[in-house]
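Single-letter residue listing:
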Amino acid sequence: MADQGKARILGSAIKRREDPALITGKGRYTDDFTLPHMTHAVIVRSPYSHAHVRSIDTAAAAATPGVLAVYTAADIESSGAPGTVPTAWLLPDIKTPEHSLLAKGRVRYVGDGVAVVVGETRQAARAAAELVEVDYDPLDAVVDPQKATAEGAPQLFEDVPRNISFDWDLGDKEKTDLGFEGAAHTVSAELRNNRLIPHAIEPRAALADFDEHKGELTLRMTTQNPHVHRLLLSLASIGLPEHKIRVIAPEVGGGFGSKIHLYPDEAIAAWCAMQLKRPVKWVATRSETNLTDAHGRDHVTRAEMALDAEGRILGLRVDTHAAMGAYLSTFAPAVPTYLYGTLLSGQYDIPAIYVHVLGVFTNTAPVDAYRGAGRPEATFVIERMMDLAAAQLGQDPAEIRRRNFVAADAFPYATQVALEYDSGNYEPALDKALEAAGYAALRTEQKSRHDAGSSKWLGIGLSSYIEACGLAPSQVAGALGAQAGLWESAKIRVHPTGTVTVYTGSSSHGQGHETTFSQIVADRLGLEVEQVEVIHGDTKEVQFGMGTYGSRSAAVGGSAIANGVDRAIEKGRRIAAHMLEAAEEDVVFDDGQYTVKGVPDQAKSWGDVVLASYLAHDLPEGMEPGMETTAFYNPSNFVYPFGTHVAVVEVDSETGDVELLRYIAVDDCGNVINPMIVDGQVHGGVAQGIGQALWEQAVYDDNGQLLTGTLMDYALPRAHMLVSFELDRTVTPCPHNPLGVKGIGEAGAIASPAAVVNAVMDAVSHRGIRNIDMPLTPEKVWRAIQ
Amino acid sequence: MGHKIRVEVNGRVVEREVEAHTLLVHFLREDLALTGTNVGCETSLCGSCTVWMDGEAVKSCTQLAVQADGTTVTTIEGMRTGDEMHPMQQAFWEEHGLQCGYCTPGMIMATSALLKHNSNPSEGEIREALKGNVCRCTGYHNIVKAVQRAAQGGS
Ligand code: FES
Ligand code: FES
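Chains as they are written, first to last, in my numbering: chain V, 1 to 786; chain Z, 1 to 155.
Pulled out of the complex, with its shape left as it was, chain V reads as follows (with noise of 0.2 Å):
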């Protein structure tokens, strides 16, 4: 650790080391490689929601010059490949149907893919696709979740009744029926999480190369989790040894959860260059994209809560349908279960909670995790059903808040649904954001705008949010259906000279890794952030790890790394011991020096101690030569970043137009490693939640075709439409993990959705409106006003 005289690296916000090369054009995504004789691969998408395959003719695409192949899934099937795309999250007595590359006989969304073709050019592959005809046989669709359990609504697969993949539930049904039977008030509402496109701007991309020689593949592709995708490739889709796939992240053009996840394409791409024994490169076009990326959200809630005369929260019911889409995508069935009922006890002390979910199959994309994951459904309706008992009480929204917030001196807080918060201090993040928007000043001009009979508004609206991030103790993981432990894993490799290469598993798509875990290493060891490299993204040089998302990078690679640095530290110190004739425990490490307690000129650097490693010319007894750690973090507990955001918006009451005036953020994510990545982090998650409560949904038309399948018709945020953001944070360290952080990724899509949401409902509530489901275009905003 570095004295107080020099400035400490940890904690800094020091400029991104990433950036360099990125803002030059020297920045290389998936699809800026390209290899000797390299192919590409068009996939041939059903325009239909649901139809049998009657038959596939490719005989005409296969017979167009610059035409290499064209394969369907009989293909697949012939090549003994398992050609499928597993589910990785199971829940008891899940049904999960098969998912094939290519559809066998039927398809289920548009977009599902039927057959690919490789060309020498993407021109010729694209225009032979066009050729290949399918014999489609429509089938009645359906889209909406609630519709699809009604009986006699069309079926997706055979042995799925009433399209219900799993019926979950968590809480005390009886206790919390018996807390609605004493209340002095219920409060109910049907809220809709409106289903979203996650819009990573590079498009998902793969390039395979197979060399038939080694029976080796190398697979680049636009990837959150290198080694999660090489394991379920290997298991579950091309049959492949894992030691010979190779799965490398180059630069990854943002991911938002929709690159988590195994798809068919890159798993195609992979298997057509083994078939070819040429280079097969696949890139979606952005209406691809928009098609087939696993969606988010989409969800059907009624949630009652109780309370007593003073606005304490007795008891919240929750019963939630929640869309699959076609096909289970890989952790689909843990964001609408556990992480989103695990979250529904926000910021409070409830004392009974049910919840009850349907994960339902629907003629759509797949849905899955997109930031958040979860945790912004469950914070859209704790927070929503705060404001409308608020509302139905004559309570302040904050002072209802206040009144039921788990105290300060409570954690760690086990709550009604399964999770120990670690630690946590609500009332001063929320005192912050109030006085940071000048609260009461913004009540008293409500107020006077309504008097003086304005048309304009105005609306404040509060999100008080708590999230569960980090992902996660592989134990807990493990007993809640996940097939795969969520620990993280860091090696590191001291180099003689004392500059340090960190190879960690959790690798970066645009969130500064390189940065921050530099920063880590630098401030424990006393170096330069320059003399340490980071690699990741790239299974043949990390060891196994998880890879990003669920807000764990810091929290848990972080620990990870900060624990494998920390034993090289301490095989130094035995070292310096050694060299200093010095016992052990008197022996300190600060700011680079090994020093003897009480004697500081008795000293040995950093440097010095790893050289001395090396050389092994005199190290301790028994001591093996060289200097490099491995550890794998597995943490005891989820992460709880915590905080309050504050929405002020406008409602033009003539129009419905929602003007955005100000957003206040107050975060808590424990300590911060680079608060200039932590405050951009939060800016990219709040213009998400403004968009989603806004402006962004992904609509299907009842046959199941996409109506907002292009950025022409899907309203991503864009700069004209947001306002700077106005940030601030409180700091409470994590008590469980080594360098007492919490995570940030997720936290301000988590917060945002229900803070405008509140916001434009508490403009319009005095004219009877109760709720406007998202996003709140202005047309739905003025029907509700009429």
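Derived by calculation from the structure, the hints in this document are not laboratory data. One or more hints might be untrue.
Cβ-Cβ distance ranges computed for the label pairs, FRET-style [what the hints assert, rightly or not]: (1) Z:Glu30 to V:Lys456: 47 to 55 Å; (2) Z:Val14 to V:Ser55: 45 to 53 Å; (3) Z:Ala33 to V:Lys540: 33 to 41 Å; (4) Z:Gln148 to V:Thr630: 41 to 49 Å; (5) V:Thr285 to Z:Glu128: 22 to 30 Å; (6) Z:Val14 to V:Lys456: 50 to 58 Å; (7) V:Arg8 to Z:Gln148: 22 to 30 Å.
According to the in silico footprint, chain V covers these stretches of chain Z (three or more CB under 8 Å from chain V) [said to hold, decoys possible]: (8) 35 to 45; (9) 78 to 86; (10) 101 to 114; (11) 117 to 128.
C-beta: ideal position from N, C-alpha, C; glycine also.
We have chain V; now place chain Z with the ligands onto it with these hints.
Structure of chain Z with the ligands alone, referenced to chain V:
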């Protein structure tokens, strides 16, 4: 049938034969290996592919390569002078104006072109000017700050 075009790209004159339907962005990325210009949508809606043509920002997915015949094109790779970054590149770095970096080349080309017309834009003008460029990572907050910094001479 191929068409011969002659374009000055990043200060070098290149002559190539291109197909009539080849988009400028594909010409830059595939024929000239200038992969710094990214493709986000290929339908003129995201701005990732923004370059300068005769000094003006254009979306290179909306231009045919043949339309670039006789013009001067600057891509992100041509923004540095020697080892020195363009003030806008430097400002994006200082202000953390990028995360995944995918939209960034287009953002830098679009915003630096803006400053040529309006050397001191207001926040509102910057945001309006960025209408055609989507970033999914930054929420635009730090992109706006980067443009302001570059406008103030990078101090
Ligand atoms: S790729 Fe040109 S605007 Fe999107
Ligand atoms: S930095 Fe990722 S899209 Fe802008």
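Here is how each hint holds up against the structure:
1. Z:Glu30 to V:Lys456: 47 to 55 Å: Holds, since Z:Glu30 and V:Lys456 (Cβ atoms, about 52 Å apart) stay within the stated range.
2. Z:Val14 to V:Ser55: 45 to 53 Å: Holds, at about 48 Å.
3. Z:Ala33 to V:Lys540: 33 to 41 Å: violated, 25 Å
4. Z:Gln148 to V:Thr630: 41 to 49 Å: holds, 45 Å
5. V:Thr285 to Z:Glu128: 22 to 30 Å: holds, 28 Å
6. Z:Val14 to V:Lys456: 50 to 58 Å: For Z:Val14 and V:Lys456 the Cβ distance comes to about 55 Å; the hint holds.
7. V:Arg8 to Z:Gln148: 22 to 30 Å: At roughly 29 Å between Cβ atoms, Z:Gln148 and V:Arg8 fall inside 22 to 30 Å, so the hint holds.
8. 35 to 45: With 10 residues closer than 8 Å to chain V, the stretch 35 to 45 of chain Z meets the three-residue bar; holds.
9. 78 to 86: It holds: at least three residues are needed, and the stretch 78 to 86 of chain Z offers 3 whose Cβ sits within less than 8 Å of chain V.
10. 101 to 114: That given contact holds, which follows from 6 residues of the stretch 101 to 114 of chain Z lying within Cβ reach (below 8 Å) of chain V.
11. 117 to 128: Contact hint for the stretch 117 to 128 of chain Z vs chain V: holds, 5 residues under 8 Å.
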